[in-house]
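**Student:** First to last, the protein sequences are chains F and Y. Position 47 (the first sequence) corresponds to 47 in this note's numbering; numbering is contiguous. Remember, this note's numbering sits 111 above the position in the second sequence when you count from 1.
Treat the hints with care, since some could be wrong.
Sample of chain F residues lacking proximity to chain Y, with all beta carbon distances greater than 10 Å (derived) [said to hold, decoys possible]: (1) 27; (2) 48; (3) 70; (4) 89; (5) 91; (6) 94; (7) 95; (8) 96; (9) 100; (10) 103; (11) 106; (12) 108; (13) 109; (14) 110.
Among the chain Y residues that face chain F by a calculated CB cut under 8 Å, a handful are [to be verified]: (15) 166; (16) 170; (17) 172; (18) 205; (19) 209; (20) 212; (21) 231; (22) 275; (23) 303; (24) 340.
No wet-lab data here; the hints were simulated from the structure. Each residue gets a CB set at the ideal place from its N, CA and C atoms; glycine is no exception.
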Amino acid sequence: MKLPKFGSIVFIGVVMLVILPFFYFILGLSAAMSVLGIVLLFIVPMFFILDNFNLEQDEKIIFSFFIGVGVFPSITYWVGMIMSFRVAIFVSFIVLAGAGVLIRRFYRKKQ
Amino acid sequence: MKINIRHIEIGVFIVVYLFALYLWTLPFQDNKIPYGEFDAISHWELGDYVAQNDRTFANLPPFLDFSYGDDNIFKPHTLWYHPPFHTDLAIISAFARDRMVPIFLTNAIFASSILISVFFVIRKLYGFLPAILSSFILTFSMRDILPYLWGQWPERFAYAFVPLIMYCYYMYHNTYSKEESKPIYLYVMPLLLAIDMLIHPLIFFHSFFGLFVLAIVLWIKDKKIPFNLKHIGISLVLFLILFAIFPYQTGNVIASFTKSKPKEKEQFSFARLFQWAPDASKFAGSVPPSYFSFKEMHGLWTLPFLLIGLLVLILRRERRDLFLLAWLISLYLVLHRDLIGKPIFLHRSLSASAHIFVPITIVGALSIFSFIKLPQIYRTFFRYGMALLIVALALVYNMPQAYSTLANAYDNPLLRLNTAQIEASEWLKNNINENENVSIIGPPGELLQKIWWMASYSHRTSFFFEGFLKWKTYAENREEIVKYHLLNDYIVVDYTDVSLISDRSFVENLQEFEKNNLQNHTLLYNKNGIKVYKYKA
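Produce the complete structure using the sequences and hints provided.
**Tutor:** Pasting the structure below:
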């Protein structure tokens, strides 16, 4: 998997260092955890997939969020029918992140 | 790490968005108890139930089936909404391990995400300054804030998809050529469109009309129709996969849409064509009249800029201007569906007005000095001066109303569950079976909403017992109904709210009822003014 540039990681880190304490101070730990959950579960796995396509960086982030909030819970909902909901969340993350890796490999082979 | 202009722009947007979220979370910053009208209750409990029980469901659990068993007309006793929105709430609730804040905060982020999508699209079309100003003004949009507070949660979120879906088509159209094109936009578009439908079907139609008008406008402008069978085929397959993934709920959308309803006889009014908002008197009792007022919702100061913006778009007709015009025209069409006898949820469509009015207002305000011949340096100076003026006007005229509405929302102790009611609800949830009935005696009819919040919090079916004694619905066989519930249900006697009401007779009536009817019942719970009884033969 292609890793983001060092500068991008530092910038994302700075943004998270601002956002998470902000929510912690206005609403408490569960709010900070909620925001972390939204980023980790809805944006990151879809970003793994969209990062393989010819889109601009901001488009990838925005589309990841808006597609993630639809695709991630859809998988979780159906998987949650046959196992624990919490395990289903984990499985959905693995499925989407895995799809991102497979798409990258597919494109590499094609090239 | 080098700080570049992009980083600064993102930083400014994050500051504006966090400020918006600070405002939008005011209703639950000091009082972390669920609140809202009946819609809010249904959305909260759908997410909360899944997170609390660690499982998803196809058939409704008893307490939901009691209220919503027939809402899915295609497959009764199943979810009436597509699951993704509420599963999102459940995922975050389970992840953050809390019942209230994660669900309400996730909803606040979702409902305010129109700020994100408008910022993104306007920045792409017009640059950073119009984008950040649009986002900032939308922070105070009363037509977004009021439905958000009332509990129209999925609908608020679904509106954020409209500009993005149109943007995807716009980019596909702009980059399309026979030799080279960027079909990825045409693949992202159906995903967003289908997810928009999964979030809220009404807004799917907004998006559909937006796409339709934009496509026609661009086809006319460029005299070309981008047509590539492979791109369209892949796009359709992606849409259909998501469209079909929840057959019961999609079936419900189709069944509801195709169900023949008698057309409401609307007398065609020529004047209606020149009115943006529908007639407020037709929504009396359910929506306040101020909701239909431009002055109250947007502020009169925005009107001249809005008109100038509209004029600029019509005269200039650049591609980006056509984007905004198409969006505006599509909303106009959706908002005038009452003229063809489809007035249902018209007021809900009206709530999308600010999303397009605000960007046009900003374009108008920032374009004023482009009409005057000035050296570039003066033009830049006036442009930023105008931006500061807009910020100041919004802070003076729009922010106070938004702030007071959000800060004072549901802060009456009679509108939210109290600690004793929450404890009793949790006791019911942990100590009685899922299919047992609970009848709550105590709060007068004005506080009926609280009973539903207790039902929601306890995940148990709740009847409003005082209703059986007073409602005309049960006039014929009231005694049998009362007897049936008294003998079979868990009976909750709640003194907490009646003791807050100045009329002492409520407490006396309740004490008398308890003395006369519950003598042969076993007292199972007695804490902080709430008792739970069960009859055992």
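**Student:** So, residue 340 of chain Y near chain F? Judge it on the closest CB pair being under 8 Å.
**Tutor:** Violated: closest Cβ of chain F sits about 21 Å from residue 340 of chain Y, beyond 8 Å.
**Student:** Closer than 8 Å between Cβ atoms is the bar; does residue 209 of chain Y clear it against chain F? Give me holds or violated.
**Tutor:** holds (4 Å)
**Student:** Does residue 166 of chain Y pass the interface check with chain F, least Cβ-Cβ distance below 8 Å?
**Tutor:** holds (6 Å)
**Student:** Let's test the interface hint: is any C-beta of chain F closer than 8 Å to that of residue 275 of chain Y?
**Tutor:** With a closest approach of 6 Å, the residue 275 of chain Y hint holds.
**Student:** Does the nearest C-beta of chain F fall within a distance shorter than 8 Å of the C-beta of residue 231 of chain Y?
**Tutor:** holds (5 Å)
**Student:** Test the statement that residue 94 of chain F is away from the interface with chain Y: the closest C-beta pair must be farther apart than 10 Å.
**Tutor:** holds (15 Å)
**Student:** Minimum Cβ separation between residue 89 of chain F and chain Y greater than 10 Å?
**Tutor:** violated (6 Å)
**Student:** Hey, does residue 100 of chain F actually stay past 10 Å from chain Y on C-beta?
**Tutor:** Holds, because the least Cβ-Cβ distance between residue 100 of chain F and chain Y comes to about 15 Å, which exceeds 10 Å.
**Student:** Determine whether the non-interface label on residue 95 of chain F survives the test: each CB of chain Y must be over 10 Å from its CB.
**Tutor:** holds (14 Å)
**Student:** Just to be careful: measuring from the Cβ of residue 170 of chain Y to every Cβ in chain F, is the smallest value less than 8 Å?
**Tutor:** violated (11 Å)
**Student:** Run the C-beta distances from residue 70 of chain F to all of chain Y and say if the shortest one exceeds 10 Å.
**Tutor:** The claim breaks: residue 70 of chain F does not keep its Cβ more than 10 Å from every Cβ of chain Y (closest is about 3 Å).
**Student:** Grab the minimum beta-carbon distance between residue 48 of chain F and chain Y and tell me whether it stays above 10 Å.
**Tutor:** holds (15 Å)
Comparing the model with each earlier hint shows violations of hints 1, 3, 4, 16, 17 and 24; every other hint is respected.
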